[in-house]
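Visitor: Order-wise, the sequence lines are chains A and B.
Residues in the first sequence are numbered consecutively from 1, following our numbering.
Residues in the second sequence are numbered consecutively from 1001, following our numbering.
FYI, nobody ran anything at the bench for these hints, they're computed from the structure.
Idealized CB from N, CA, C, for every residue including glycine.
Among the clues, some could well be false.
[As the list claims (entries may be wrong)] Which residues of chain A face chain B? A partial, calculated answer using Cβ under 10 Å: (1) 93; (2) 173; (3) 177; (4) 187; (5) 283.
Here are the chains, one letter per residue:
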Amino acid sequence: MMQLIWNGLIVGSFYALVALGYSMVYGIIKLLNFAHGDIYMLGAFVGFFTLSAFGISNETSIPLLLVVLLLSMVTTGLIGVGIERIAYRPLRRSPRLAVLITAIGVSFTLEYGVRQIFGPNPEAFPIRLESSGFDVLGMRVTASQIVLVVIAAVLMLVLAHIVERTRQGRAMRAIALDPTGAQLMGVNVDRVIAMVFFIGSALAGAAGVMAGAYYGSIDFLMGFIIGLKAFTAAVIGGIGNLYGAMLGGVLLGMLESFGSAWFGGEWRDVFAFGFLILFLTLKPTGLLGARVVERM
Amino acid sequence: MTTLEVRDADVVYGRVHALRELSFTVGEGEIVCLLGNNGAGKSTTMNMLSGLVRPRSGSVTWQGMDLATAKPWDIVSAGLIHVPEGRRIFSTMTVHENLLLGGYTVSDAKAIAARLDEVYAMMPRLAERRSQQGGTLSGGEQQMVAIGRALIGGPKLLLLDEPSMGLAPLVVKQVMEIIAAVNATGTTVLLVEQNARAALKIAHRAYVVETGRATLEGPAAELAKDPRVIEAYLGG
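For reference, chain A alone in the conformation it holds in the complex (with noise of 0.2 Å):
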């Protein structure tokens, strides 16, 4: 039981990682932006394409990952500001359609480039995780799954302060209410929109470089399922909503974790999708996404 709560919270915090970015971007330009688990693999790579130029292989120093981790993460929030300003900002006055077939357009751009540079077989991640744990209530973990994990607590505290109380997380709330408004007190749009696309994406490149040292291997297409299961954590946290993405992945990472125990691993997908189908359905505002009444 306990063993099952813990690995679910370290997959949801994969999910929530990645979530924040989906939930964030989609809070200030309303685009589901399809190529943010991409950006995941990206930063897997990213991590994988560095410690090889480096000839490492076989690494199990955490210190080392703390390195890739940042390197990975400055990469793909580039990356991601460059996938906005040539992407999707052309688009901003576009139908909304429009720049979601462009997202889903930028996703497999990044998925084939990707496989035409390392091709198509999975690689091995050269920062592997030692395996060598102790028993705590019951529940078998290991000093590099409580690093994960305090990472990814780490990396959320850092932006929830940064959204809640610092000037720049102050005009993105404001632009995701009303940018037009935010332009009035003096909001470079353009400049925000830009610094939420580095933040998400440096938050999806944690993740895979997270995920690869992890799970041990990458391949081009790992963005995919986890760019689904993201869009499915921020929806049941309520999307737009940062305190709701993290909650999400959490809880999507707990839902599946208990799922696989009690159907077989074989349903797990099965399991988080129908989520999303309940969620959608029943509760489209999410967990955290109820608005507020609005008095004229």
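With the hints as your guide, set chain B onto chain A.
Guide: Coordinates of chain B only, in the frame set by chain A:
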């Protein structure tokens, strides 16, 4: 001394010719009012001044800045601040956060803190409701937030678009008093109103705008006695 000069400005949205050779000026320290009915082009004028819509021809200059090409955020940073029609309060953010957003372009934290104190002193209702969500306030309170928010940005020229819209007469009076008080501290004000009676009481000069053109101009006290204005805007 003239600070804002609009000369022969034309604005066209698709097939709608919203402004036609509109010309007017605002002098340093004045309250100037644009009067006109719905669709006369008053809000378009405001949006043109804050860089949200661009004139097709004509010139719009303020303190030597070309407003026809400047970016909206640069205009705000320079001190031309627009309180929009319908107030546009960020509904799920608190009153305090709304006010802080008004200081987005101000890098001096001390100046922001000092202006926050001034705004709360001028409008004590906002101080009482500082941690309440903006969307839950009454119309009059929202208008105060909108004006207060603009003041945090340190305006040199304050644009107010229909500040009395939807407010009870007593509240309109309060809002007009706040505007006059802001002007008394040296801020130039350009006011757009359908409520001509309230606006002409505090304005120094006024223009009547009809179908995108300024058709009448004069000191507010004189326009208030003009039979054409009385008939069309004062329900004479």
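Visitor: Okay, which hints does this one fail, numbers in order?
Guide: Violated hints: 1, 5; rest satisfied.
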